[in-house]
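So the sequences go chain by chain: U and B. As numbered in numbering that gives the first Met the number 0, residues 0 to 322 make up the first sequence, in order. As numbered in numbering that gives the first Met the number 0, residues 0 to 322 make up the second sequence, in order.
Among the hints, a few may not be true.
Any copy, or any two copies together, can satisfy a pair, since identical chains are not distinguished.
As the list claims (entries may be wrong) - Calculated pairs, DMTMM-like style, for lysine to aspartate or glutamate (alpha carbon to alpha carbon, straight line, at most 20 Å):
#: 1; residue 1: K142; residue 2: E309
#: 2; residue 1: K274; residue 2: D147
#: 3; residue 1: K142; residue 2: D269
#: 4; residue 1: K205; residue 2: E227
I should point out that these hints are in silico values taken from the structure, not numbers from a laboratory.
2 protein chains.
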Amino acid sequence: MRQAGRYLPQYRKIREKHDIVTIYKNPELCSEVTVQPVELLGVDAAIMFADIVLPLEGMGVRFQIKEGVGPVIEEPIRMLRGAQVLEDFDAKADAAFMLEAIELTKKRLDDRVPLIGFCGGPFTLASYLIEGGPARDFIYTKKLMYSDSRTWELLMDKLATAMTNYLQAQIQAGVDAIQLFDSWIGFLSPQDYRRYVLSYSQRIFKKLEGLGVPRIHFATGASNLLKEMKLAGGDVFSVDWTIPIDVAWQRLGYDVGIQGNLDPAVLLADIDLIKSESADILKRVRGHRGHVFNLGHGMLPQTLPENAVELVKFVHGFNRESS
Amino acid sequence: MRQAGRYLPQYRKIREKHDIVTIYKNPELCSEVTVQPVELLGVDAAIMFADIVLPLEGMGVRFQIKEGVGPVIEEPIRMLRGAQVLEDFDAKADAAFMLEAIELTKKRLDDRVPLIGFCGGPFTLASYLIEGGPARDFIYTKKLMYSDSRTWELLMDKLATAMTNYLQAQIQAGVDAIQLFDSWIGFLSPQDYRRYVLSYSQRIFKKLEGLGVPRIHFATGASNLLKEMKLAGGDVFSVDWTIPIDVAWQRLGYDVGIQGNLDPAVLLADIDLIKSESADILKRVRGHRGHVFNLGHGMLPQTLPENAVELVKFVHGFNRESS
Numbered sequence: 000m001r002q003a004g005r006y007l008p009q010y011r012k013i014r015e016k017h018d019i020v021t022i023y024k025n026p027e028l029c030s031e032v033t034v035q036p037v038e039l040l041g042v043d044a045a046i047m048f049a050d051i052v053l054p055l056e057g058m059g060v061r062f063q064i065k066e067g068v069g070p071v072i073e074e075p076i077r078m079l080r081g082a083q084v085l086e087d088f089d090a091k092a093d094a095a096f097m098l099e100a101i102e103l104t105k106k107r108l109d110d111r112v113p114l115i116g117f118c119g120g121p122f123t124l125a126s127y128l129i130e131g132g133p134a135r136d137f138i139y140t141k142k143l144m145y146s147d148s149r150t151w152e153l154l155m156d157k158l159a160t161a162m163t164n165y166l167q168a169q170i171q172a173g174v175d176a177i178q179l180f181d182s183w184i185g186f187l188s189p190q191d192y193r194r195y196v197l198s199y200s201q202r203i204f205k206k207l208e209g210l211g212v213p214r215i216h217f218a219t220g221a222s223n224l225l226k227e228m229k230l231a232g233g234d235v236f237s238v239d240w241t242i243p244i245d246v247a248w249q250r251l252g253y254d255v256g257i258q259g260n261l262d263p264a265v266l267l268a269d270i271d272l273i274k275s276e277s278a279d280i281l282k283r284v285r286g287h288r289g290h291v292f293n294l295g296h297g298m299l300p301q302t303l304p305e306n307a308v309e310l311v312k313f314v315h316g317f318n319r320e321s322s
Numbered sequence: 000m001r002q003a004g005r006y007l008p009q010y011r012k013i014r015e016k017h018d019i020v021t022i023y024k025n026p027e028l029c030s031e032v033t034v035q036p037v038e039l040l041g042v043d044a045a046i047m048f049a050d051i052v053l054p055l056e057g058m059g060v061r062f063q064i065k066e067g068v069g070p071v072i073e074e075p076i077r078m079l080r081g082a083q084v085l086e087d088f089d090a091k092a093d094a095a096f097m098l099e100a101i102e103l104t105k106k107r108l109d110d111r112v113p114l115i116g117f118c119g120g121p122f123t124l125a126s127y128l129i130e131g132g133p134a135r136d137f138i139y140t141k142k143l144m145y146s147d148s149r150t151w152e153l154l155m156d157k158l159a160t161a162m163t164n165y166l167q168a169q170i171q172a173g174v175d176a177i178q179l180f181d182s183w184i185g186f187l188s189p190q191d192y193r194r195y196v197l198s199y200s201q202r203i204f205k206k207l208e209g210l211g212v213p214r215i216h217f218a219t220g221a222s223n224l225l226k227e228m229k230l231a232g233g234d235v236f237s238v239d240w241t242i243p244i245d246v247a248w249q250r251l252g253y254d255v256g257i258q259g260n261l262d263p264a265v266l267l268a269d270i271d272l273i274k275s276e277s278a279d280i281l282k283r284v285r286g287h288r289g290h291v292f293n294l295g296h297g298m299l300p301q302t303l304p305e306n307a308v309e310l311v312k313f314v315h316g317f318n319r320e321s322s
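Model the full structure from these sequences, guided by the hints.
Here you go:
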């Protein structure tokens with residue numbers, strides 16, 4: 000879960016010299032940053048360092064990743080023409096640096112832990128393209144979604160095709176699992192998710208079925224969309240802290256895995272609370288198959304790395320004790 | 000629901016000359032702005048124009064309401080001392096202007112529609128005081144809540160006492176219903192809400208019981224907290240669009256009322272979609288007693304007033320047809 004990041008002094012040191020785009024375009028730097036949390040925190044998986052807007056460049060979208068803001072799109076898409084001019088994405092040509100970074104990272108990791116590849120979900124990417132950056136109310140996105148079905152469908156169709164290609168290429172390059180970050184779907188009603196989003200995410204997950212690579216479906220604030228997310232697809236579902244994990248499993252059904260659930264803010268508290276909150280999750284899980292202990296969202300920049308180290312140790316110890 | 004606002008040209012005209020604080024401190028202007036939506040849109044209730052930080056001034060907190068940002072607190076509270084120096088709030092002395100505005104508004108409305116008074120919920124106000132303004136991740140709030148129980152409890156205790164006094168005074172001044180806006184509780188896990196917030200909101204609602212004034216409990220993104228919100232209290236619960244209204248009623252129980260549910264962004268679409276989305280809500284409600292048709296959150300500034308007028312007409316007509 001966004002494991003490399005500002006909370007790590009070793010990462011900040013690299014970021015002093017290079018911006019995010021420079022890092023993810025340089026396979027050497029990218030793989031270095033990707034393995035940092037494995038080496039420094041002792042976590043059980045690595046997740047490729049990248050940004051969800053990365054593949055948009057190959058589609059002809061110009062953007063900047065601004066400090067403290069996030070991605071800012073130069074020309075937001077608000078009309079059909081904007082969706083029409085989006086180019087086809089071919090990961091082998093457009094994201095060769097990332098595929099190379101994956102290969103390099105796999106070598107560095109030397110099978111110690113699995114490597115997770117990812118991309119943005121179609122709704123979340125569409126919202127960046129339409130709003131022009133991170134949004135609060137998704138006003139332009141929803142207005143377009145409700146009022147201009149031709150543009151919406153073309154945009155979502157192109158994004159779904161591009162993300163399928165991107166994830167397939169990441170799998171070929173060697174990632175052991177993939178994650179679709181559809182971070183903002185929680186701002187939609189279940190009815191709107193079904194009507195405007197579900198089929199596109201479903202298409203992506205369908206195309207990645209049976210490849211022996213677990214598919215993780217991620218969102219935040221979406222505990223009321225769990226049934227819909229399951230319909231869209233995935234083998235493992237990410238839940239945030241707004242729903243107890245046992246309730247989430249009841250809603251999803253026990254044939255899928257769950258990751259997440261710990262509020263990243265808990266890591267800002269003292270170690271006793273970190274342990275008791277984590278123990279609460281582990282007790283609710285009762286050793287159920289398919290549980291991946293994780294935070295419900297990205298690590299906060301204010302997190303002390305030693306707290307994360309303690310958390311990892313505690314979870315490892317807890318599992319040993321109870322198994 | 001935040002009915003007076005930037006989407007109304009008549010409101011913008013007043014705002015060109017006066018800032019928000021000037022308007023709510025001037026009973027004449029305040030009541031004028033409060034009745035605008037009743038006269039312009041034909042809605043069935045008026046809600047006092049104010050800001051949830053209003054009573055903080057009487058507690059000795061210095062703040063500004065900044066355009067496009069919201070309230071900015073001069074000295075955020077991060078330690079015990081900050082909570083200790085908060086002064087007692089006495090609405091009759093500290094918010095006399097608001098009580099006068101209520102009386103004036105009651106006269107202006109002349110019993111055409113009921114008048115709703117409101118205040119911020121204790122968690123939401125605490126988060127403003129701790130973060131220093133509107134937040135995204137509630138990092139400082141959660142850190143304090145998890146790690147410094149003495150400061151947290153004192154702060155929540157003082158806010159609960161102050162808000163009880165403020166709402167009691169509003170009821171005495173003549174409001175017909177009150178609303179507690181605990182807008183940000185949806186960022187808490189159900190366990191954290193129970194542990195750190197519930198008892199304070201409960202105290203407020205208990206003190207306002209049996210006064211013949213319906214108590215509305217408002218939050219957004221909190222569909223997973225409905226059971227906890229009901230425990231805290233209220234006669235009517237506000238739900239946003241992330242949960243179908245019939246499902247919300249199942250979770251809350253049929254002995255309480257529900258308001259809300261329509262995504263304010265729907266009002267940005269064309270009238271056919273506005274009607275079909277509203278009809279969907281009304282059909283799910285099936286004329287159940289205690290339903291208050293409303294948006295799930297505030298009117299967006301981009302809303303065309305004529306769309307709101309059409310919505311009000313449609314809902315009135317629908318109810319007539321089906322009754």
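Hint by hint, where does the structure go against what was stated? Just the numbers, ascending. The structure conflicts with no hint, since it agrees with every one listed earlier.
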